[in-house]
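Engineer: Given next are the chains, with one letter for each unit.
2 protein chains.
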Amino acid sequence: MQSFQELSKQFTEYFNIRHFPKEPATLYEADEYFLSLGGKRVRPVMCLMGNELFDEISKDAWPVAAAIELFHNFTLIHDDIMDKAPLRRNQPTVHAKYGESTALLSGDVMLIVAYDYLNKISTGYLHQVISLFNRTAKEVCEGQQLDMDFEKQETVKMDEYIRMIELKTSVLLAASLQLGAILGGASTNNQQHIYAFGRNLGIAFQIQDDYLDAYGDPAKFGKQPGGDIMANKKTFLMIKALESANPAQLKELKRLMRENPEDKVARVLSVFDDCGVKNWAAGLKEKYMNEAFEHLEEMAVVMVRKEPLRQLAQFLVQREH
Amino acid sequence: MQSFQELSKQFTEYFNIRHFPKEPATLYEADEYFLSLGGKRVRPVMCLMGNELFDEISKDAWPVAAAIELFHNFTLIHDDIMDKAPLRRNQPTVHAKYGESTALLSGDVMLIVAYDYLNKISTGYLHQVISLFNRTAKEVCEGQQLDMDFEKQETVKMDEYIRMIELKTSVLLAASLQLGAILGGASTNNQQHIYAFGRNLGIAFQIQDDYLDAYGDPAKFGKQPGGDIMANKKTFLMIKALESANPAQLKELKRLMRENPEDKVARVLSVFDDCGVKNWAAGLKEKYMNEAFEHLEEMAVVMVRKEPLRQLAQFLVQREH
Chain A
1 MQSFQELSKQ FTEYFNIRHF PKEPATLYEA DEYFLSLGGK RVRPVMCLMG
51 NELFDEISKD AWPVAAAIEL FHNFTLIHDD IMDKAPLRRN QPTVHAKYGE
101 STALLSGDVM LIVAYDYLNK ISTGYLHQVI SLFNRTAKEV CEGQQLDMDF
151 EKQETVKMDE YIRMIELKTS VLLAASLQLG AILGGASTNN QQHIYAFGRN
201 LGIAFQIQDD YLDAYGDPAK FGKQPGGDIM ANKKTFLMIK ALESANPAQL
251 KELKRLMREN PEDKVARVLS VFDDCGVKNW AAGLKEKYMN EAFEHLEEMA
301 VVMVRKEPLR QLAQFLVQRE H
Chain B
1 MQSFQELSKQ FTEYFNIRHF PKEPATLYEA DEYFLSLGGK RVRPVMCLMG
51 NELFDEISKD AWPVAAAIEL FHNFTLIHDD IMDKAPLRRN QPTVHAKYGE
101 STALLSGDVM LIVAYDYLNK ISTGYLHQVI SLFNRTAKEV CEGQQLDMDF
151 EKQETVKMDE YIRMIELKTS VLLAASLQLG AILGGASTNN QQHIYAFGRN
201 LGIAFQIQDD YLDAYGDPAK FGKQPGGDIM ANKKTFLMIK ALESANPAQL
251 KELKRLMREN PEDKVARVLS VFDDCGVKNW AAGLKEKYMN EAFEHLEEMA
301 VVMVRKEPLR QLAQFLVQRE H
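As given, the protein sequences belong to chains A and B, one line each in that order.
Under UniProt numbering, the residues of the first sequence are numbered 1 to 321, in order.
Under UniProt numbering, the residues of the second sequence are numbered 1 to 321, in order.
If you are wondering where the hints come from, they were derived from the structure by calculation, not from laboratory data.
Treat each hint with caution, since some may be false.
Quick list of in silico lysine-lysine cross-link-like pairs, DSSO-like style, CA-CA up to 27 Å [unchecked claim]:
#	chain 1	residue 1	chain 2	residue 2
1	A	LYS97	B	LYS152
2	A	LYS84	B	LYS152
3	B	LYS97	A	LYS59
4	A	LYS157	B	LYS22
5	A	LYS22	B	LYS97
6	A	LYS84	A	LYS152
7	B	LYS84	A	LYS152
8	A	LYS287	A	LYS220
9	A	LYS152	B	LYS264
10	A	LYS84	B	LYS84
11	B	LYS233	B	LYS40
12	A	LYS97	B	LYS40
13	B	LYS233	B	LYS220
14	B	LYS157	B	LYS59
15	B	LYS220	B	LYS40
16	A	LYS120	B	LYS120
17	A	LYS152	B	LYS97
18	A	LYS120	B	LYS84
19	A	LYS22	B	LYS220
20	A	LYS233	A	LYS40
21	A	LYS84	B	LYS97
Stretches of chain B that chain A covers, calculated by requiring three or more beta carbons in the stretch to come under 8 Å of a beta carbon on chain A [unchecked claim]:
#	segment
22	24-33
23	36-45
24	103-115
25	131-140
26	153-163
27	194-204
Just so you know, these numbers come straight off a predicted model, no measurement behind them.
Idealized CB from N, CA, C, for every residue including glycine.
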């Protein structure tokens, strides 16, 4: 059993090759550029961990892990176009550097290359792997669409937001684990538990994300918190505040969102405090974590094999950056 | 053996179902809308024809044909974004009707659903089918990138243009036939011949396309010809004219392209005539058609089975619309 850090190092070595042809450079340079920006490679390593939970790492787990990482990067390239984001990992996004058309095409071709990696595995699990990969890929697109739809809506209900987060973030974490488990020969029951573990973990992960963007320590977080508040983003915290505020607090929140005063972040946080949003978020995160750990418990696998996943989960939801 | 028309009718019936979930409607309505605009369904029917060339139509040929048609429509949705095209088949394009972000995502999800259809086939041919499908899909993206690159270049050489057309148009026709042939149990040699038939046919098809846009009969063509000339598009005809014009003709062409006078189309066509471009194009088309038919001849299949493909090829390169 290897830790996230050990597997992450091995995956980085495996993945650190050229994935695209040289020509036409006007297309493929954009893909190689984006991959060179790096990332934590959480999803592919979760695939390897889901695999090692049941057996020694299968040779098929590596290309499936690569396919997952390429798929994830494809979604980032296209999301950045839709969000008109100038930066990703402190570097220019693909569309900012190469133009929107090339960004669109280089994303398309990255998705196709993801399927090239899936197609490397042996025949036995191919149908099952493509089937779960595809269902998840569609759900991620649905999550992105809902996210865009919510931006245009005046109010978003908490359960709608959670469903969006599930689609946009959780299902890919869950499927990464399950894809590894499938290749490890896991039973259907164990596959369901590891998927549910990932799905609940993903929601807790997003709660932490939203929390850090409001309350993060700038020194550890790497940037000034408050970005979501400045952009009036509907996060776990904001939706909860809007739902639980009294009429005066609600009026204040709406005024701050409309007028964008200089001290907006501090004053929105003060309303959050008055509504008890911070404690509520900590409690909700714990609820999803407990749910996740229950599924981990219920897997018919000796406890010691589960340890790396437990540690990863703790890290992901307690991280400060 | 069935004709293109007969198979086209059958494919239309098979394909005329809902391919996407109902929700979120903000995403999937765009996909269903675009498919409802119809089209000639040339590529999927070529897959069926490539299959029937060797045996009765296999049940796997239908989902592969559907995957090809979905892939083709995915490229159209994304190409329309890149080309900022307002209309497709006389109706608003997806981005014109639903916005660019939804068009981008609905294209992405259509590509994923294409792989759902590939994943329906039996295990035996799955690796081979995905492999050819993917190689072709990447080539089509490369062709689109080259097409965009060429727009920014002052001059494009004929062999560069032909390579671009091969990637953007020909390889998908060729691969559609070969995918059908694979599922029909064709030998490697026969697969290579049917691919080469499709590749040459595709170039001849594009020559006819460029020809019609300059010389088409408006009554049959369905629109006023001259669109490519008005837009200074580098077509077979324009590249040939620029290559073979004498200094005075070249000066006239460049002036017309720069100044866009009211009678631009007529005057460019007059230079084309002086350079003998029309006859040259007819000759080039014949050359590729002959090449295509030679590969059809060389296939180890009784002649009568090849007849529908021969007729389709004749139709595609002689069509007047």
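Engineer: Hint by hint, note whether the structure agrees.
Structural biologist: Hint by hint, here is what the structure shows:
Between the alpha carbons of LYS97 of chain A and LYS152 of chain B the distance comes to roughly 17 Å, so the proposed pair stays at or under 27 Å and holds. This hinted pair checks out: LYS84 of chain A and LYS152 of chain B have alpha carbons roughly 24 Å apart, not beyond 27 Å. For the given pair, LYS97 of chain B sits about 46 Å from LYS59 of chain A by alpha-carbon distance, which is inconsistent with the 27 Å threshold. Only pairs whose Cα atoms come within 27 Å are accepted, and LYS157 of chain A paired with LYS22 of chain B is accepted, the gap being roughly 21 Å.
The hinted pair formed by LYS22 of chain A and LYS97 of chain B fails the criterion: a straight-line CA distance of about 36 Å is larger than 27 Å. Using a Cα cut-off of 27 Å, the hinted pair LYS84 of chain A and LYS152 of chain A holds, with the two alpha carbons roughly 16 Å apart. Between LYS84 of chain B and LYS152 of chain A the alpha-carbon distance is near 24 Å, which keeps this suggested pair within the 27 Å criterion. For the given pair, LYS287 of chain A sits about 25 Å from LYS220 of chain A by alpha-carbon distance, which is consistent with the 27 Å threshold.
Distance restraint check for LYS152 of chain A and LYS264 of chain B: the Cα-Cα separation of roughly 46 Å exceeds the 27 Å cut-off, and the hinted pair is therefore not satisfied. A C-alpha spacing of about 17 Å is found between LYS84 of chain A and LYS84 of chain B, which places the hinted pair at or below 27 Å, so the restraint holds. At most 27 Å may separate the alpha-carbon atoms for a hinted pair to count; LYS233 of chain B and LYS40 of chain B meet this at roughly 24 Å. Between LYS97 of chain A and LYS40 of chain B the alpha-carbon distance is near 38 Å, which puts this suggested pair outside the 27 Å criterion.
Between LYS233 of chain B and LYS220 of chain B the CA atoms are separated by roughly 22 Å; this keeps the pair inside 27 Å, and the hint holds. Using a Cα cut-off of 27 Å, the hinted pair LYS157 of chain B and LYS59 of chain B is violated, with the two alpha carbons roughly 44 Å apart. Annotation: proposed proximity of LYS220 of chain B to LYS40 of chain B holds, straight-line Cα distance about 16 Å (limit 27 Å). For the hint linking LYS120 of chain A to LYS120 of chain B, the alpha-carbon distance of about 18 Å falls within 27 Å, and the restraint holds.
Straight-line distance between C-alpha atoms of LYS152 of chain A and LYS97 of chain B comes to about 17 Å, which keeps the hinted pair within the 27 Å bound. Taking the CA atoms of LYS120 of chain A and LYS84 of chain B, the gap is near 37 Å; set against the 27 Å cutoff, the hint is violated. Note on LYS22 of chain A and LYS220 of chain B: the hinted pairing is violated, with a Cα-Cα distance of about 43 Å set against a maximum of 27 Å. Note on LYS233 of chain A and LYS40 of chain A: the hinted pairing holds, with a Cα-Cα distance of about 24 Å set against a maximum of 27 Å.
As the CA atoms of LYS84 of chain A and LYS97 of chain B are separated by approximately 20 Å, the hinted pair is consistent with the 27 Å bound. Judged by the Cβ-Cβ criterion of 8 Å, the segment 24-33 of chain B is covered by chain A as claimed, because 3 of its residues qualify and three suffice. Interface restraint, the segment 36-45 of chain B with chain A: violated (0 residues with C-beta to C-beta distance below 8 Å; minimum three). With 9 residues carrying a beta carbon less than 8 Å from a beta carbon of chain A, the segment 103-115 of chain B meets the three-residue requirement, and the given coverage holds.
Here the segment 131-140 of chain B counts 4 residues with a CB under 8 Å from a CB of chain A, which clears the bar of 3, and the coverage holds. Residue count for the segment 153-163 of chain B with a Cβ under 8 Å from a Cβ of chain A: 0. That is fewer than the three needed, and the coverage hint is violated. Counting residues of the segment 194-204 of chain B whose CB lies closer than 8 Å to any CB of chain A gives 0, so the stated coverage by that chain is violated, three being the minimum.
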